[in-house]
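A.B. asks: Residue numbers (the numbering used here), protein chains in the order written: chain A, 143 to 479; chain B, 143 to 479.
Some hints here could point you the wrong way.
Said to hold, decoys possible - Pair ranges (Cβ atoms, derived):
#1 350/A / 417/B: 50 to 58 Å
#2 246/A / 243/B: 54 to 62 Å
#3 385/B / 187/A: 52 to 60 Å
Note that these hints are calculated values from the structure, not bench results.
Since we're looking at a predicted model, the values are computed, not measured.
Ideal Cβ positions, reconstructed from N, Cα and C, are used throughout, including at glycine.
Protein chains: 2
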Amino acid sequence: MSDASSPPAVDVVGIGNALVDVLSHASTEFVDSQGIVPGSMNLIDEDRRRTLYAATGPGVEISGGSVANSTVGVASFGGSSHYLGRVRDDQLGAVFAHDIRSVGVGFTNALAPDGPATGCSLILVTPDGERTMNTYLGAAELFGPGDVDADAVAAGRILYLEGYLFDRDEAKAAFEYAASVAHDAGRKVALTLSDSFCVERHRPSFQALLDAHVDVLFANTGELLALYEVDDVDLAIDKVRGVADVVAVTCGVDGSIIVTPDRTVRVAAEPVAHVVDTTGAGDLYAAGFLYGLARGLDLADCGRLGSIAAAEIISHVGARPEAVLADLIPASMEAAR
Amino acid sequence: MSDASSPPAVDVVGIGNALVDVLSHASTEFVDSQGIVPGSMNLIDEDRRRTLYAATGPGVEISGGSVANSTVGVASFGGSSHYLGRVRDDQLGAVFAHDIRSVGVGFTNALAPDGPATGCSLILVTPDGERTMNTYLGAAELFGPGDVDADAVAAGRILYLEGYLFDRDEAKAAFEYAASVAHDAGRKVALTLSDSFCVERHRPSFQALLDAHVDVLFANTGELLALYEVDDVDLAIDKVRGVADVVAVTCGVDGSIIVTPDRTVRVAAEPVAHVVDTTGAGDLYAAGFLYGLARGLDLADCGRLGSIAAAEIISHVGARPEAVLADLIPASMEAAR
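This is chain A alone, in the form it adopts within the complex (with noise of 0.2 Å):
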């Protein structure tokens, strides 16, 4: 294992659950008749998977993964990233490693001979381009400490860990001891919320680990509220404050916040034509956030690079970049590149 001395080889190391997404045009009325809260993240089990999938419109099928999809952000933008993730040797598990891999993202994890398929997310897009998931974790619910590669997790600048993770005990294991080994490797550990549902689902773990581990933290505003329980999302930003290094709140148009224990930098959101399909677009915008802090911007700039991926997701269907991401770094951000 490397230690303390090693400089990282890596720009971020992230953990999560590695899925294939399944993208189906849908009408809000069909999300509303199959009871499912528009623009959540819902787990269903494999009998819920088949009935879902065979009430929907033909589909797309794009690997995905809230985590793994940062990971590739940060590799298209010139950066240098490596995924810790659980899938089979099946026909999607082969779709996600090959596609993971062919971006230049480190993958090692071995295919599972066994057990649950791959992981899928059926993905219902509705006309205003707002994206409702439903995930059968298939081979990720199995993810646990022993799949963390502690070299790798050592070699990496910024650990990024999944909120959607904190659903198994095995998962969370798998956290408490990816972060230990970052942090005694001098690494800096970051976190997404995900989910507001998941942190209603799990408020004690969550906060036990800002506490113990977190030093970048990201959430969108619902997120915020449901941590702290509140509806002003002033309030919950100063609860926020301090409770990590670094704070980047998303605000959907209006942009980001970026708390630290003493400032708050706004940031507007890219404009954007047509929004199409907002998934992916929080895990872009962590994408560009954390390549620029590997590279040492200040948070104006990382802020703004999260802004331009996020744009550039949310104009097509999925949630991987079609655009070179390193393309779209502004002329005058020349420490980006």
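Start from chain A and add chain B according to the hints.
C.D. replies: Here is chain B on its own, set in the frame of chain A:
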């Protein structure tokens, strides 16, 4: 089985290679470096599939298969269609079956419980929008006469056959059988030549099927030149005139030429602001044309529906329509509704 006196219940019954497309952006240099002819369809084995996939960038998986795309297009125009093809009972087979059924196309072939995996086509899309296909047939390779549902064929107004299947004797036998069933029931038989290289490999077989069974023929100019071993399109059109009752020759940006024993009808291409991916252009031209023919439209209107569907498909990635094609039928074309 239906007899010749039953009215047809379905507009179009298609037979083809059932495939899932894996679409990736690639540079022209990459296509050249792989020794592939741009714009062609190449049959590859499992080893080559693995090697080529490892070398390509991230992909998007969308159900494909030339004639399968056409039957989906017919359904999108508001017509009824049925598809005969062979996939395995695996993840990509489930994707194929779901996608085609979810738009209302009949698909009743059982998913194979063993044998090769569901076939896929690795499609490299270059910046000019041209697509080059590398097809691993997998389960589709075993399609034979036993997979032809005679009742389904007899119930269709038009039987539509995919020339790509000529690469295999068992599939040719299935064509002979299906064409006989269709004609015995008083139905029309349509064929697409599919690919100039396929025509060159199997010229005598194509000519024999044309002579014996084909009422409606689809070909692009390259395929027609290959069929007659000439290098002048007017000469090839002279030769093909009368070989089938209707011959529709697609000419890319120049639209199409419809040839009957005593008439020649020229149809313009529909304007497209930005060609993204030409995958499926011919398949969707055939969809519009066959839908029009099944509904008794005149040949100029059949060709126009073909142009409209082709324009929709080349304006986005993938060979399955994103728009509802029925919404694109011109207001003046009342008989097409």
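A.B. asks: Which of the numbered hints above does this structure break?
C.D. replies: Structure breaks hint 2 only.
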